[in-house]
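6 protein chains.
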Amino acid sequence: MRPSGRAPNQLRSVILEPAFSKYAEGSCLARFGDTHVLCTASVDEKVPSFLRNTGKGWVTAEYGMLPRSTHTRTDREAAKGKQSGRTQEIQRLIGRSLRAVTQLTAMGEIQIKVDCDVIQADGGTRTAAITGSYVALYMAFQKLVSLGTLSAIPLISQVAAVSCGLYKGTPVLDLDYAEDSTCQADSNFVLTADGGIVEIQGTAEDTPFRQSEFLTLLDLAQQGVAELAALQRKVLGL
Amino acid sequence: MRPSGRAPNQLRSVILEPAFSKYAEGSCLARFGDTHVLCTASVDEKVPSFLRNTGKGWVTAEYGMLPRSTHTRTDREAAKGKQSGRTQEIQRLIGRSLRAVTQLTAMGEIQIKVDCDVIQADGGTRTAAITGSYVALYMAFQKLVSLGTLSAIPLISQVAAVSCGLYKGTPVLDLDYAEDSTCQADSNFVLTADGGIVEIQGTAEDTPFRQSEFLTLLDLAQQGVAELAALQRKVLGL
Amino acid sequence: MRPSGRAPNQLRSVILEPAFSKYAEGSCLARFGDTHVLCTASVDEKVPSFLRNTGKGWVTAEYGMLPRSTHTRTDREAAKGKQSGRTQEIQRLIGRSLRAVTQLTAMGEIQIKVDCDVIQADGGTRTAAITGSYVALYMAFQKLVSLGTLSAIPLISQVAAVSCGLYKGTPVLDLDYAEDSTCQADSNFVLTADGGIVEIQGTAEDTPFRQSEFLTLLDLAQQGVAELAALQRKVLGL
Amino acid sequence: MRPSGRAPNQLRSVILEPAFSKYAEGSCLARFGDTHVLCTASVDEKVPSFLRNTGKGWVTAEYGMLPRSTHTRTDREAAKGKQSGRTQEIQRLIGRSLRAVTQLTAMGEIQIKVDCDVIQADGGTRTAAITGSYVALYMAFQKLVSLGTLSAIPLISQVAAVSCGLYKGTPVLDLDYAEDSTCQADSNFVLTADGGIVEIQGTAEDTPFRQSEFLTLLDLAQQGVAELAALQRKVLGL
Amino acid sequence: MRPSGRAPNQLRSVILEPAFSKYAEGSCLARFGDTHVLCTASVDEKVPSFLRNTGKGWVTAEYGMLPRSTHTRTDREAAKGKQSGRTQEIQRLIGRSLRAVTQLTAMGEIQIKVDCDVIQADGGTRTAAITGSYVALYMAFQKLVSLGTLSAIPLISQVAAVSCGLYKGTPVLDLDYAEDSTCQADSNFVLTADGGIVEIQGTAEDTPFRQSEFLTLLDLAQQGVAELAALQRKVLGL
Amino acid sequence: MRPSGRAPNQLRSVILEPAFSKYAEGSCLARFGDTHVLCTASVDEKVPSFLRNTGKGWVTAEYGMLPRSTHTRTDREAAKGKQSGRTQEIQRLIGRSLRAVTQLTAMGEIQIKVDCDVIQADGGTRTAAITGSYVALYMAFQKLVSLGTLSAIPLISQVAAVSCGLYKGTPVLDLDYAEDSTCQADSNFVLTADGGIVEIQGTAEDTPFRQSEFLTLLDLAQQGVAELAALQRKVLGL
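Chains as they are written, first to last, in the numbering used here: chain G, 571 to 808; chain R, 571 to 808; chain B, 571 to 808; chain L, 571 to 808; chain D, 571 to 808; chain E, 571 to 808.
Keep in mind that the hints were calculated from the coordinates and are not lab data. Just so it is clear, CB atoms sit at the ideal spot from N, CA and C, and this is done for glycine as well. Keep in mind that a hint or two might mislead.
Subject to a maximum C-alpha distance of 30 Å in a straight line, what follows is the list of computed DSSO-like cross-link-like pairs (lysine-lysine) [as the list claims (entries may be wrong)]:
#1 R:Lys650 <-> B:Lys650
#2 B:Lys650 <-> D:Lys738
#3 B:Lys592 <-> D:Lys738
#4 G:Lys652 <-> R:Lys616
#5 D:Lys616 <-> D:Lys650
#6 D:Lys616 <-> D:Lys626
#7 D:Lys650 <-> L:Lys650
Some chain E residues close to chain D (C-beta under 7 Å, calculated; not the full set) [claimed, not checked]:
#8 Met571
#9 Arg666
#10 Ser716
#11 Ala774
#12 Glu775
#13 Pro778
What the simulated footprint calls covered on chain B by chain D, stretch by stretch (three residues with Cβ under 8 Å from a Cβ of chain D suffice, anywhere in the stretch; the number is not a length) [to be verified]:
#14 587-593
#15 600-612
#16 628-640
#17 651-659
#18 682-690
Let the sequences and hints guide you as you build the complete structure.
Quick look at the structure:
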């Protein structure tokens, strides 16, 4: 049995609150149970230098945790003077995931910077961040369309993410911290609403897992992402 | 007339939401109109090295802004690899303000780390941070008393803060961003509930101000802090 | 057809040269075609602080590229003053992969630091690094056994890695740079000799890939790792 | 009685030595008793990027202490790789104070960089720095007028600074280290020669002070600044 | 007797392997006994900003050691976030030595970046680096001539380097680590093939040495450099 | 003719002002013409970790330039966040030079930190720094003897330094900036009062120089150091 009493294929209570921020062009507070991630999408008129004069746009992401978003306080990265390897790994993942569903050539030379800040962490912050970021990104594009900067929203798929893992031998969906910290192996799945694979990060620090186990996790993730994608569409009014 | 339509001596709508965080020993979300600062107080069993074996405790503070808490996106300090001078100035101010009302010798060798993170900024983030931090700090001490670690709450005064400034020639209380960005001179006042002065930071980057003007601002601040202190007591049930 | 003329399921010419370094306790120069990675394993008597007095050991990894290992010169990370996100992501992957096959509780409080330095890069440096690191790590443990520090080699599986991807629509094994820079989607597979999954990193920056495509890549990887594992055993004399 | 034997409203022996530096466009060695601060003003033809093409100039300041300017050696900030929060707070204060009396729109796109380096410290380094910097800045503007770059000196007021505090219950002017390290509360006052307030930094880390005490300190500061301003005029030949 | 059994005026076995790197415009693996340094010369179309629009070129160098090139592992500079003083001192020496024999005005606005990476260290890495870098630099210039970018190789002398020292009272040539770590005084000599002095770095950390001893070392160095220069010419086919 | 009108073998006017600093255990302001370097020696009760429990002491040095010590302003290293390669090279040289004449085993586990800060620079700052540092170091040892911490001054030789170079073909002693910036080749000589060689740094960035020229420079340096050493003894009362 899961510590939370959830069924193996049951998501936590998920709330996506769009337009949470007063200033950002797009924003979403993504709550997966006690994991709360604020995602904002900011339009920047400058693209990275490698894209200048190419007519292409860019989407990038940054990730951070408030020092006391965690059970015990984590040192502030700004005070330490550098972002941890974990932070960089996560923000690169978020950026790649969003770019995989964006038609960069249809954006013009505009950059969207997505910030994912963890207000409270109870496992699965990177997958909540991706799920909420899609909503924020969509809204920022809507804004650009409404301003006439873009003629259409340059998103070619809908993306969401969830983690799955083996908890006491059972494959379960959407790990919370109590599960995450004790499970044998876990994977993060970034999938499109129609079942395409954007990113898979499977990690078995403790014991390697079998191919069949991995495929069960992938199936669970497909179910979970379908639910999340439906929720994204609902809050976006699609 | 003020952009917000407020009277010169009128605070913004202030909401102090205690116990906002699931994990922190003390916490408070301080909302001054559209300025929202999350303050958490974390107990650390280690004091800074200069206090080891002295029997004294310490209170310190860190401050940060989410990148899109501001009207246009601000670069993330963790990504830049250092905290700005402004950030350091503010977090040092918060720390000094809290220590001024704490009896460090009555804490034992314990450190409280207060984190003030600006979720949304509309002027006056440092004064909102101090006002909310007092609530978070008080709650953390309550927790230590309830655990038997401390026998009494080692706070000798109650502290809150507010900014005042000359807006189009008129002294006004609790500047919001529209006022702050255009006013001639402004001051941050950190005061105790009974009118003691903890910190004053008066700054006239544009034109020096007269002594009489400064004293009017100080009077306004005393009124404002009295209101804020009453609100702190209310949410703390005192 | 692949630029190199290889069959879809054909590895590059792979040479693992053990004991390449005069000083390191274990070392291996891993050559996958024109990709050359020097892997050294150094024994350190100190474990990270979180393991002190636990009786457990640790394996960690660092990764770097010589500035002109690449087609055009890459800035030196030591001169820039920080490791890139890519570097940190890779070295964390190598460390996790090695720890997944190591019985940390059987090592005593010893740390093995594995350094993977890319002398020349032609795609697949991280998978070559993992494959060579296993050899270096094994040798370092052999040395500790021969010195009597350990009674047995604390490795519970044999690990190797390879990348696969869709090149012009065809699933191919062991991507070189010409393929990697143009393929639609690629994945890095870290697998054990008996088919267990240690890490999977599937990335589709361009277009999401289908689940069936992904499974084909996983099959190719299983074949490739079987070959690599046989080569590891051969050079280790097992 | 004060440790130095001075009367409560008595400044230390103050010597302003203009043109101390062979190369700087303006310079002044400010000695307040045993506190010696070298202030240089350097003309830079480039303004910060936010002022480019605005026709406005800028004045900025940097502050540092020689490692053995203090009673015991302080670590060198250049070796530690960052400036402390205190350093940044002080240099921001100096810069704001000078800008408050400078007509930036009358400077053209020129920047003056003021460096304040503490050769020896015995309390009150920031106020000595401001007092000496005004002299250095004035001289640099004189030089620009003599070169025909400017038609008039773009200074609208004369600024100087002094600290005051409560020492054993008595309000005293111009604290030295022996007083500063034991006083209950102290304030730094940056004032114009005609009594305008440019900056006030009042700090009561130990015990909050009463409003009446604060006003007494402000009066003392007005007297002290009047003396310092007279000395500035004398060494500048005004 | 020397630990290696060499005669006092005998170099180690020296092998210069040109064109070691697949990508670099010029490269050389320099082996002085067990000291192995990979030198690559990369052509960069951009000169440093102080040379822009001067028509002059530049040659610069960077130096690094692989973490386990040494007897015990050295921390990775990229991970520490800065290059040591020793590293900077050495790379500045290499750059100056190469520029001393290059006619910068005949290069056009091109920069050659030389990277010297120590694969294995057994003393004398900086002198091996200079000796190998000359070969790499020559080859890069040959390439530019063959491409028609330059009309002639802009090198005015041939440079090589060797260290000498007093080992147990005897002056010896080309110190290896066993000698270097115990010798009283040692010097690095960077000389031209025709006996010109480019750089001398004599260091007596233990006991000052006599002028006559120093001159004997200089004579030994002249002999050693003559041999090294002949080898350079041989591998370059001159 | 030299720009200053000095004879080829003539030092600038040299003034060594001991006890310049109020706090440092030893100090000396070294003036070589317009080059002014403040040298302080601070006693630290802690040795570097590699010397702990060895009974040996250590002498180390740090070097810095005030931003406007130079003809045009140089960026502040503390603000840039790192010391330049030149700074590190110089401070390492000063430290080695002082250690070469100190009997570290006779110091006990004490460290002397020498700070050399350039107040004004007109060429030859590193040699002025070494010459002044010897005086500061001697005084710090005197202080330790007077306190009974040491029984005798643990200095085995007297060290001073001077630069020489070829200026318009003529070998000259003690280069000033006007000469240094145009000379073909220059060398820094750190010598003992009795003619021993501690450090030689000969550099010919422009054209290699002949062995005979180098020997002439060495002779000039011996004369110059003899004069400087006599001056050191005079100000130390020896």
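Cross-check of the supplied hints:
1. R:Lys650 <-> B:Lys650: holds (13 Å)
2. B:Lys650 <-> D:Lys738: violated (42 Å)
3. B:Lys592 <-> D:Lys738: holds (27 Å)
4. G:Lys652 <-> R:Lys616: holds (23 Å)
5. D:Lys616 <-> D:Lys650: Given pair D:Lys616, D:Lys650 holds - Cα atoms ~29 Å apart, limit 30 Å.
6. D:Lys616 <-> D:Lys626: holds (11 Å)
7. D:Lys650 <-> L:Lys650: holds (13 Å)
8. Met571: violated (26 Å)
9. Arg666: Holds. Min distance 5 Å.
10. Ser716: violated (28 Å)
11. Ala774: holds (5 Å)
12. Glu775: Nearest chain D Cβ about 5 Å off; hint holds.
13. Pro778: For E:Pro778, the interface hint holds, since the closest Cβ of chain D sits about 3 Å away, which is under 7 Å.
14. 587-593: Held - the region 587-593 of chain B has 3 residues with a Cβ nearer than 8 Å to chain D, which meets the minimum of three.
15. 600-612: holds (count 4)
16. 628-640: holds (count 7)
17. 651-659: holds (count 4)
18. 682-690: The restraint on the region 682-690 of chain B holds, since 5 of its residues have a Cβ under 8 Å from chain D and three suffice.
Hint compliance for this structure: hints 2, 8 and 10 are not met, and every other hint is.
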